[in-house]
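*Asks:* Read off the chains here:
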Amino acid sequence: MAQSTREIKRRIRGINNIKQITNAMELVASARLKRARDRLEKTRPYYNAIYENIREVLGELGSINHPYLKPREIKRSLYIVIAADRGLAGGFNSNVNRLAEREMKYIKDRVKVIAVGTKARDYFRLRGYDIMAEFIGITEDPSFKDAKNIGTLALEAYEKGEIDEVKLVYTRFISVISQQPDILRLLPGDSLKADEEKAKRAIIEFEPSLDDVLNYLIPKYIQSVIYGALVESSASQQGARRTAMENATDNAEEMIDELLLTYNRVRQAAITTEITEIVSGAEALR
Amino acid sequence: MGFKLEIVTPERVFFSDEVDMVILRGIDGDFAILKNRAPIITPLATGKIRIKKDGVERVASISEGYVSVTREKTTVITDSAEWPEEIDVERAKESKERAERRLSQREGIDILRAEASLRRAINRLEVAKLIKNNKENINH
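One line per chain: the protein sequences are A and B, in this order.
The first sequence begins at 1 in my numbering and counts up one residue at a time.
The second sequence begins at 287 in my numbering and counts up one residue at a time.
Hints are supplied without guarantee of correctness; some may be wrong.
Taking lysine-lysine and the PhoX-like style, the derived pairs with C-alpha atoms no more than 25 Å apart in a straight line are [unchecked claim]:
{"hint": "1", "chain 1": "A", "residue 1": "148", "chain 2": "B", "residue 2": "382"}
{"hint": "2", "chain 1": "A", "residue 1": "148", "chain 2": "B", "residue 2": "379"}
{"hint": "3", "chain 1": "A", "residue 1": "112", "chain 2": "A", "residue 2": "145"}
{"hint": "4", "chain 1": "A", "residue 1": "145", "chain 2": "A", "residue 2": "34"}
{"hint": "5", "chain 1": "B", "residue 1": "338", "chain 2": "B", "residue 2": "415"}
{"hint": "6", "chain 1": "A", "residue 1": "148", "chain 2": "B", "residue 2": "415"}
{"hint": "7", "chain 1": "A", "residue 1": "75", "chain 2": "A", "residue 2": "105"}
{"hint": "8", "chain 1": "A", "residue 1": "148", "chain 2": "A", "residue 2": "160"}
{"hint": "9", "chain 1": "B", "residue 1": "379", "chain 2": "A", "residue 2": "145"}
{"hint": "10", "chain 1": "B", "residue 1": "321", "chain 2": "A", "residue 2": "145"}
{"hint": "11", "chain 1": "B", "residue 1": "339", "chain 2": "B", "residue 2": "290"}
{"hint": "12", "chain 1": "B", "residue 1": "359", "chain 2": "B", "residue 2": "321"}
{"hint": "13", "chain 1": "B", "residue 1": "321", "chain 2": "B", "residue 2": "339"}
{"hint": "14", "chain 1": "A", "residue 1": "112", "chain 2": "A", "residue 2": "167"}
{"hint": "15", "chain 1": "A", "residue 1": "148", "chain 2": "A", "residue 2": "167"}
{"hint": "16", "chain 1": "B", "residue 1": "379", "chain 2": "B", "residue 2": "359"}
{"hint": "17", "chain 1": "A", "residue 1": "19", "chain 2": "A", "residue 2": "9"}
{"hint": "18", "chain 1": "B", "residue 1": "359", "chain 2": "A", "residue 2": "42"}
{"hint": "19", "chain 1": "A", "residue 1": "42", "chain 2": "A", "residue 2": "108"}
{"hint": "20", "chain 1": "A", "residue 1": "70", "chain 2": "A", "residue 2": "9"}
{"hint": "21", "chain 1": "A", "residue 1": "42", "chain 2": "B", "residue 2": "290"}
{"hint": "22", "chain 1": "B", "residue 1": "339", "chain 2": "B", "residue 2": "382"}
{"hint": "23", "chain 1": "A", "residue 1": "34", "chain 2": "A", "residue 2": "75"}
{"hint": "24", "chain 1": "B", "residue 1": "334", "chain 2": "A", "residue 2": "42"}
{"hint": "25", "chain 1": "B", "residue 1": "339", "chain 2": "B", "residue 2": "379"}
{"hint": "26", "chain 1": "B", "residue 1": "338", "chain 2": "B", "residue 2": "321"}
{"hint": "27", "chain 1": "A", "residue 1": "145", "chain 2": "B", "residue 2": "334"}
Derived from the structure by calculation, the hints contain no laboratory data.
Could you put together the complete structure from these sequences and hints?
*Replies:* Dropping the structure here:
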C-alpha cells in the first residue's frame, strides 16, 4: 500500500469536483438539445414545402437547362463544413472534419472551404486549406439569416465560375444517442428530380414566368438545405456533448468507487498494524 | 367553407387554417386568392398579408417569399412573418434608421440589401400600427 489515506482522500475530492462539472455540463447540453430538436421539427415543413414546389416546377419544365442544375466539368470545389465552436463533445468535431478531409486531401490545391464553427476553421487552417469564409459563434443557435449569408456566398462564387461544385458536410441527427456525419452535394443540383406525376395532374401557372420562378426557388432551396443542416448539426452537437458528459460523469463515479475501496483497505490495514503493534507491545511487557 | 391556407417560415408554421380570402402583395402589385383558384406559383414582395375569414380580417407582415396554390391548399413560403402584436417596434425603428444612414452614404455598401432592409423595416412599422384595428375586428 504505497498511497497514504490522506493522498487518496485528496484524489477522491478532486474527482468529485470534476464529476460535478461534467454533470452540470450534461444538464446544460440536455436543455439545449431539447430546444434544438424543437427547432428541427419546426423547420421541416418549410424545407418540405420548398422541395415539393421545386419538383413541381422541374416537372413542368421537362428538360433541365438552368445554370444551377446543369452538370459541369468539376475543376474546383467548395466545401461548407459545419462543426462546433467548442469541444468536449466526444468525437463530434473530429468525425465531421475527418469525413470532409478524406475527400478533400486528394484535391487540396483545388478546394475552397467555408468553415462554420471555430473547430472547423482551426482544423482546416492548420492543415493549410484555402478558407474562403468563416462563420463563428452561430453553431449553437443558428438563424435563417446565417444560412442565407452562407448560401449567397456559395451561389455568387458558383455563378462567377470560381467553383464548379458545392458540397455540404454536416452531422445528421438520427437520435439522441446517434449522430452521423454526412456529405451532401448542393450544386450543381442535377440530383433534383422532377415530380412528373404531379406536374401532369395539374397545370400550374407561373407568374411572371417559369424562369423567374425557378431563379427565385433554387437559391431559396439552397438556403433552406443549409439552414436544415445548421439546425441538424446544432442538435447533433448537443446530443454528442450530452453523451460525452454523461460518460465522463459515469467514469468519475466509477473511479470514486474504486478509490473509496482502496481507501478503506488502506485504512483497515493501518488499524490492523496498529492493533498488532499494541498487542505485541503489551505481550512484551508481561 | 373556404380553403386551406398555410404560412410557413424557416422558424415555424406561422398560420394554418381554413380561410375565405387572402390578399397578397405580388411583385407587380396586390392580388387576392379565393377558393378554387387555378394552381399558380409566384414570388411575393415584402408587404402585408390580409387574411379574411367569416367577415374578420387579420393582417400580418411578411418579408419576401412566394405563394404556391394547389387544389388542396394555398401555401405562403416566406423568410419571416409576424402578427402586428409580435413586432418589435424599437428594433424595426433602429433598422430603418440604419438602412437610411447607409443609403445616404451611398459608398461601399450593398445598395440592394440596404433598400430591402429599409422596405422590411417600414413594412413592420406600418403593420405594427394595425394592432388596434385587429383588436377591434376581433371584438366585433
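*Asks:* Which constraints among the numbered hints does this structure fail? Numbers only, ascending.
*Replies:* 6, 10, 16, 19, 20, 22, 23, 25
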